[in-house]
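Trainee: Here is how the chains run, residue by residue.
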Amino acid sequence: MDELNKLSTVQLDALREISNIGAGNAATALAKLINSRIDMNVPRVNILQFTEVPDLIGGPDIPVVGLYLKVSGDAPCSILFILQVEMAAALADLVMGRDIGTTNHEEFSEIDISALMEIGNILAGTYLGALAMFTGLSFTPSVPALGMDMAGAIIDVILAQFGEVADYVLVLETELKREKQGVVGNFFLLPDPGSLEIILSALGVDVFE
Amino acid sequence: MSNIIQVGMADMKMARVPDKLITMGLGSCIGICVTDRTKKIACMAHIMLPSSQQAKNNNIRAKFADTAIEMLVEEMQKAGANTGNLIAKIAGGAQMFKFSGQSDILKIGERNAQAVEEYLGKKRIKLVAKDTGGNYGRTITFDVETSDLLVKTIGHGERVI
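Sequence lines, in order, name chains A and B.
Each residue of the first sequence is one higher than the last, beginning at 3 in our numbering.
Each residue of the second sequence is one higher than the last, beginning at 296 in our numbering.
You can trust all of the hints, since none of them are fake.
What follows is a set of in silico ranges between Cβ atoms, one per label pair, in the way DEER data are often shown: (1) B:G429 to A:E54: 25 to 33 Å; (2) A:D41 to B:S297: 42 to 50 Å; (3) B:S297 to A:G138: 56 to 64 Å; (4) A:S203 to B:Q349: 23 to 31 Å; (5) B:S297 to A:E109: 34 to 42 Å.
Here are the simulated lysine to any residue pairs, SDA-like style, with alpha carbons at most 25 Å apart: (6) B:K308 to B:N377; (7) B:K308 to A:G60; (8) B:K402 to A:G196; (9) B:K447 to A:V87; (10) A:K8 to B:N352; (11) B:K447 to B:N430; (12) B:K447 to A:E88; (13) B:K447 to A:G60; (14) B:K402 to A:I115; (15) B:K402 to A:E54; (16) B:K308 to A:Y170; (17) B:K351 to A:L198; (18) B:K447 to A:N106; (19) B:K447 to B:R332; (20) B:K308 to B:S347; (21) B:K351 to A:P78; (22) B:K351 to A:L9; (23) B:K447 to A:L58; (24) B:K402 to B:N354; (25) A:K179 to A:E108.
Computed footprint of chain A on chain B; a stretch qualifies when at least three of its residues, placed anywhere within it, have a C-beta under 8 Å from a C-beta of chain A: (26) 301-312; (27) 321-328; (28) 338-350.
The set of hints was computed from the structure by calculation and includes no laboratory data.
Being a predicted model, the structure only gives us computed values, none of them experimental.
No residue lacks a Cβ here, since even glycine has one placed at the ideal position from N, Cα and C.
Next up, chain A with everything else stripped away, as it sits in the complex (with noise of 0.2 Å):
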């Protein structure tokens, strides 16, 4: 069942090697979108317990700001963008071309969430782009929906639809930072049970080994 724990290096490989044009493709995006240079980490590819994934953005209680976008088409996945609330509101100032520190992070306007709903669907717009051409599969992102609380509370209801088939996850994440600023947000995208098969036999690395 938890057939993830048999990946190839190869395997590894090329999943890193994907999400690190589609990340790449999303940091210049948001790199255009607030002027500002964004650098990028390289992905990391993670098979993890459920309980371990909240771990990854620093514990299931911290406050954080976390975009949700559905995919569906040829290889289904969840894509969710998780940003320290205080990184959001300057992110939100940026946007809009305000002086950072103008958004008060406990109080975002309607303005506010839908730039960083716009945010959201161009991240997921560009790295799902790079997706796309790399396999020739179709990838078609929902709207985002936005979610302010505990990061555990954020990802719970998204491992939740891959509870009844697995325990176990399949996470790539990058980390986009900013100038001096440090992270902006993590990036991840989690394949749907039965997608990850579909993904690497269009990379051509289906075999397990």
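Fit chain B to the supplied structure of chain A, relying on the hints for placement.
Mentor: This is chain B only, laid out in the frame that chain A set:
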């Protein structure tokens, strides 16, 4: 010295007085606390899904409302609790995201809460307090000594049930 015992996602732990049980960041998940107040023993489970029946993979019993509640009763018995004395307090079951054209999976919180109440009833465990629903996360701490369940939220206050 009292310890605070952490309960992870799809996890279950037992505690005796003077210890406390905590589970953090409940969204659509539900924290179920079952206690025997005379013996001062309690168990907490953090469930993710309503039922193990349709699941293709049900190795982890604490993940589902039905199997987790069975497990809670077994563990409490093993720990020396009197099963006739068990009472429960629950929290969680929120709906964190709203999409237009809602799918069932996003109403998972509501379904979890219903399932937990149903299975507690089947096991004749009296539900004495609950704090479920809404659209916000919860961190809960159960004090075995007082049977108080402290519910903390971000922006939706703090309460003891």
